[in-house]
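A.B. asks: So the protein sequences, as listed, match chains A and B.
Each number in my numbering corresponds to the 1-based position in the first sequence with 1000 added.
Each number in my numbering corresponds to the 1-based position in the second sequence with 18 added.
Rather than coming from a laboratory, the hints here were simulated on the basis of the structure.
Small disclaimer: the values here were computed from a predicted structure and weren't measured.
Ideal Cβ placement from N, Cα and C applies to all residues, glycine included.
There's no promise every hint is true.
[As the list claims (entries may be wrong)] Which stretches of chain A does chain B cover? Using the computed rule of at least three CB atoms under 8 Å from a CB of chain B, they are:
| hint | region |
| --- | --- |
| 1 | 1004 to 1016 |
| 2 | 1072 to 1084 |
[Unchecked claim] If you want a taste of the chain A side facing chain B, the calculated C-beta under 10 Å gives, among others:
| hint | residue |
| --- | --- |
| 3 | E1065 |
| 4 | A1068 |
| 5 | A1069 |
| 6 | T1218 |
| 7 | A1219 |
| 8 | R1220 |
| 9 | R1221 |
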Amino acid sequence: MTALLRYQADLLLRSQRWLPPVILYAAFLAIGVQSGQPVLDSLGYAAAGLLPVAAWLVRICVTGEPDAARVCVAAARGPARTHLACLLTALLASAALGVVATLVVTLVSDPASNGHRIHVPPLRAGAAGLLAALACALLGSAVGALTNRPVLRSTGRAVPAMLLAALLSVVLAGSPAQAAVSGLVTGSQSGRVPVPLLPLAGAGLVTAAAFAAACALTARRSP
Amino acid sequence: MITPYGETGQNPPMQRDLRLVEVGRRYGLRGPWVLRGIHLTLTPGTLTRIEGDNGSGKSTLLRLVARLDAPTEGRVTGRPRTAYVPERFPSALPFTASGYLTHLGTIHGLSRKTAASAAQSWLERFGAAAYATTPMSRLSKGSSQKVAVAQALLADPELLVLDEAWTGLDAAARDELERAVAERTAAGGAVVFVDHDPRRLAGAPDATYTVVDGGLKLRTDSGSPPPTGPLTRVTVQGPPGAQLPPDAVRTVTSAQEITPGVHRLAVPASHSDVLLRALLTARPPWHVVSVEPDGTTPLDPGSRP
């Protein structure tokens, strides 16, 4: 698995296809996060924006390799494991992006609640933001896994489905990402730092199921 | 094929056999059956040829054999270490040839160092060493095919699946791939291939199957004579009273003892190295008197450097 992950990560980095989503995410943060704004609010914004980026990174990893190259790898390691390596690479990339974004946002934001009334400890806020970002990265990866090859194979269906599912996962009540983000937003109003462990666990479960389903389907639905 | 059955009861060859039992495959839930009722067993050390018209399902069968696709019905058992060579290999990969091969070597289970040196030596064998540091996107079609072939041979796979792997290779590389296949089977690997050229590895396959109407037929050659490819005649002298080593007997197409102790052997040209290796490493070793191309089907002198 290490060799597969290393290969996929190298493929992702060298292909430079990660640039558009990362640049777009940076722009999204630059627009919405300004220094001196309440930290928890900004962290919630950063986490919510990470979800579609995570889904997009999955799409890049899953579609980046030409078919003939993919079968060479799949013959050696099995199609399911090969696909899992693609998904995990994307998840690790978006998790890394989430860590960086959380760090930057925590450093530049004001450690206080809305209206600068109550002091919010930056370390605890950062930890809460990190958990929320991870929940969003996980759920975004799940969305990506379920709306790309091998589930949806035509671009015309995959991309709209992916964007719609990503949007819904951020806003629909009951989604772990929505729970994590709204926890941060309400925390910013009350001044109490939430610990979004439950949303993270929920996102983890959903993602594990989504990855398992996508990997199990690879050998059945190719080419 | 000699398999270590029975005596110790360990490492039963069943594990490395790949078996397709009553296998069927169709694409989509309601699609027509591409293949149905396929029974196929691939044992270590055998060379199998798959024939069939365009669109008959040869590639689908190879995908099932390489376990890239799961069968829609029936089952596939056995999980040999597999390598696959597609017909057309894309060069749209952001690696150099040796960088890609090193990655693939580690995926096939080699260490990074072994993978890098294996990559180098296989590129050399196929005359592509000069392209080792060239980005794949700048390789010609034939050179990328050499990379595709090299990735499959890097880690001595137990099962090698070649889907028209010879397409696009130059003459020297085509011959080299035939010899590499001969080596692989001699070393106990199973090889399955599809190729449009009927003279490809002629006389060498242990079994030839034809895909017809979604089913698999074993070709028995009762009607038409088997196609003959270039042969190599080897004259060898053995120790007094010795029998030809069994590994040598397996590869030759004909053998006659011209004078006591001196044998004249005919072997498919692709397998001459394997035969000589078997004879020279036999205990006691055999003496090679002469090696010459068969007069009736002369080798093209320009085909090899």
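A.B. asks: Indicate, hint by hint, whether the structure satisfies it.
C.D. replies: Evaluated hints:
With 8 residues carrying a beta carbon less than 8 Å from a beta carbon of chain B, the region 1004 to 1016 of chain A meets the three-residue requirement, and the given coverage holds. Here the region 1072 to 1084 of chain A counts 8 residues with a CB under 8 Å from a CB of chain B, which clears the bar of 3, and the coverage holds. With a least beta-carbon distance of about 8 Å to chain B, the hint placing A/E1065 at the interface is held under the 10 Å criterion. The closest approach between the C-beta of A/A1068 and any C-beta of chain B is roughly 4 Å, which is under the 10 Å cut-off, so the hint is satisfied.
Given the 10 Å rule on beta carbons, the hint for A/A1069 holds: about 6 Å separates it from the nearest Cβ of chain B. At its closest, the beta carbon of A/T1218 sits 9 Å from a beta carbon of chain B; the interface hint therefore holds under the 10 Å criterion. Of the supplied interface hints, the one on A/A1219 holds, with its beta-carbon coming within about 4 Å of a beta-carbon of chain B, less than 10 Å. Hint status for A/R1220: holds, given a least beta-carbon distance of 5 Å to chain B, under 10 Å.
Using the Cβ-Cβ criterion of 10 Å, the hint placing A/R1221 at the interface with chain B is satisfied: the shortest such distance is roughly 8 Å.
Figure legend: structure checked against the earlier numbered hints; every hint is met.
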